[in-house]
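Enquirer: Sequence:
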Amino acid sequence: MKTTPYKHIHFVGIKGVAMTSLALYCTDQGIKVTGSDVEGVFPTQHVLDKALIPITIGFTAETIKKQKSLDLVIYTGAHDGKDNIEVVTAVDRGIPVMPHGQALGVMMDGKRQISIAGSHGKTTTSAMLATIFSVANIDPSYAIGCGTILGLGNPGHYGKGNVFIAEADEYMTDPGHDKKPRFLWQHPELLVVTNIDYDHPDAYADLKDVQQAFITLQKQMTGRKTTIVNHDDVPSQVLCVGGSHTVTYGYSNGSEYQITHVSFEEGRTFFSVSVRGTAIGEFILTVPGKHNILNGLAALVAAHEFGLSYEAIRKGLLQFAGAKRRLELMYTNKHIRIYDDYAHHPHEIVASLDALRSWYPKNRIITIFQPHTYSRTASPLSDFAKSFSKSDVILVADIYPSARETVRTDVTSAKLVEEIAKNHANAQYIKNLPGALSYIKTYLSPGDIIVCMGAGDIYEWGYAIASNIKLTYDK
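Numbering (this note's numbering), first residue to last: 8 to 482.
Since the hints were made in silico from the structure, they are not lab data.
A couple of the hints might just be wrong.
As a list, the in silico DSS-like pairs of lysine-lysine whose alpha-carbon atoms are at most 25 Å apart [claimed, not checked]:
| # | residue 1 | residue 2 |
| --- | --- | --- |
| 1 | Lys438 | Lys397 |
| 2 | Lys429 | Lys393 |
| 3 | Lys187 | Lys118 |
| 4 | Lys187 | Lys232 |
| 5 | Lys89 | Lys14 |
| 6 | Lys297 | Lys397 |
| 7 | Lys167 | Lys118 |
| 8 | Lys215 | Lys393 |
| 9 | Lys215 | Lys187 |
| 10 | Lys215 | Lys226 |
| 11 | Lys232 | Lys118 |
| 12 | Lys75 | Lys39 |
| 13 | Lys75 | Lys89 |
| 14 | Lys72 | Lys14 |
| 15 | Lys73 | Lys14 |
| 16 | Lys297 | Lys393 |
| 17 | Lys397 | Lys369 |
| 18 | Lys341 | Lys429 |
| 19 | Lys39 | Lys57 |
| 20 | Lys57 | Lys14 |
| 21 | Lys322 | Lys297 |
| 22 | Lys297 | Lys369 |
| 23 | Lys75 | Lys14 |
Build the full structure now, drawing on both the sequences and the hints.
Expert: Set out below in structure tokens:
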């Protein structure tokens, strides 16, 4: 078993989902972990509190100076990256520093690596695979960017097995300092690619530029070097050429692992699979949507390629109950359901709303959407406008900007609503949470499904809306 040379690691920006999962992995390994971050409640707050990790609010040189045993500082690309005062202080004091992407690669080194990459779906697919392996008693290590893996527990874990499952993020290592894609610090023997999309216009010039990053990752694989590719996703097919060993999956003809039948009932998703023309049976998920069937099939293929039986995989998929902020049911009574969802790209919005509609074909769906970053909202504005067709009502809040961005007046939520209104009869600009509560108080009806959607702080809104609903319906 690999032993760690680190005794005490400090995480700058520890509340971010990727940082939290790695911090929990280190804590499991017996490493002393401390952290710092900004104020505010994050989706990771409860797992950090449970782990009893000391967290300093704000960033100061003194935080580093008072740590006598510190031998590594890990930082995120946010909060000024390597220019953060705590990182600068560590360098001045001769303490090694690493960006998160590099640190994750270092922690994975020495274990059999399974990297789950893709513009969309990598968190859920990674969480599914970690659940499958855990149920099969393999005890994998994993680091997955979500608050909690429902049905499994913490998003980061140091396991006794010889495999490390990790998300492989194509975004920059440290914006402004190091444009290297974060996943290029990994060297997997199994690489899963759920899809390739132009999702980060601040990091890539175009889709071809994104594809090249994935090709580079594929070329630096080690060991058996197997790439598992979504056959339905045309941009991903660049990974199936050049002599690499690839295995394909999907709905489409020509997929080696093919979905042959799908059905839904509330709370259950059923799909049947054939492998190179031979049926292997039906599998059940407790999360909705055709996109989650693809995620489940990707996890199935990875687990089977690693050597697990279909029956073991079937048990693991059934136990997976979702990932926090991925269509997470956060409140329900006999009248209303509230979901929280991380979708912030047009393709993700379409997939999430299609999933909800598959479970609730006759209910009214009210989507409260918080656009994330000016650059992402501006880049595919017309695509955003067409992505809400499965929702009955669309309420759009102000854009949640990145700390790395400059405020822009040419891109606004009001303009996004104007575009949505060209395709949808009921789209409104609500500005903020009070605007959402005002709508809910006036127009909510029994049977409605509410989904709070976005990558900003909208995950907090569901609790406030639930409190409002309790006052109305749970008297």
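Enquirer: Return the numbers of the hints above that this structure violates; sort them in rising order.
Expert: Failing hint: just 18.
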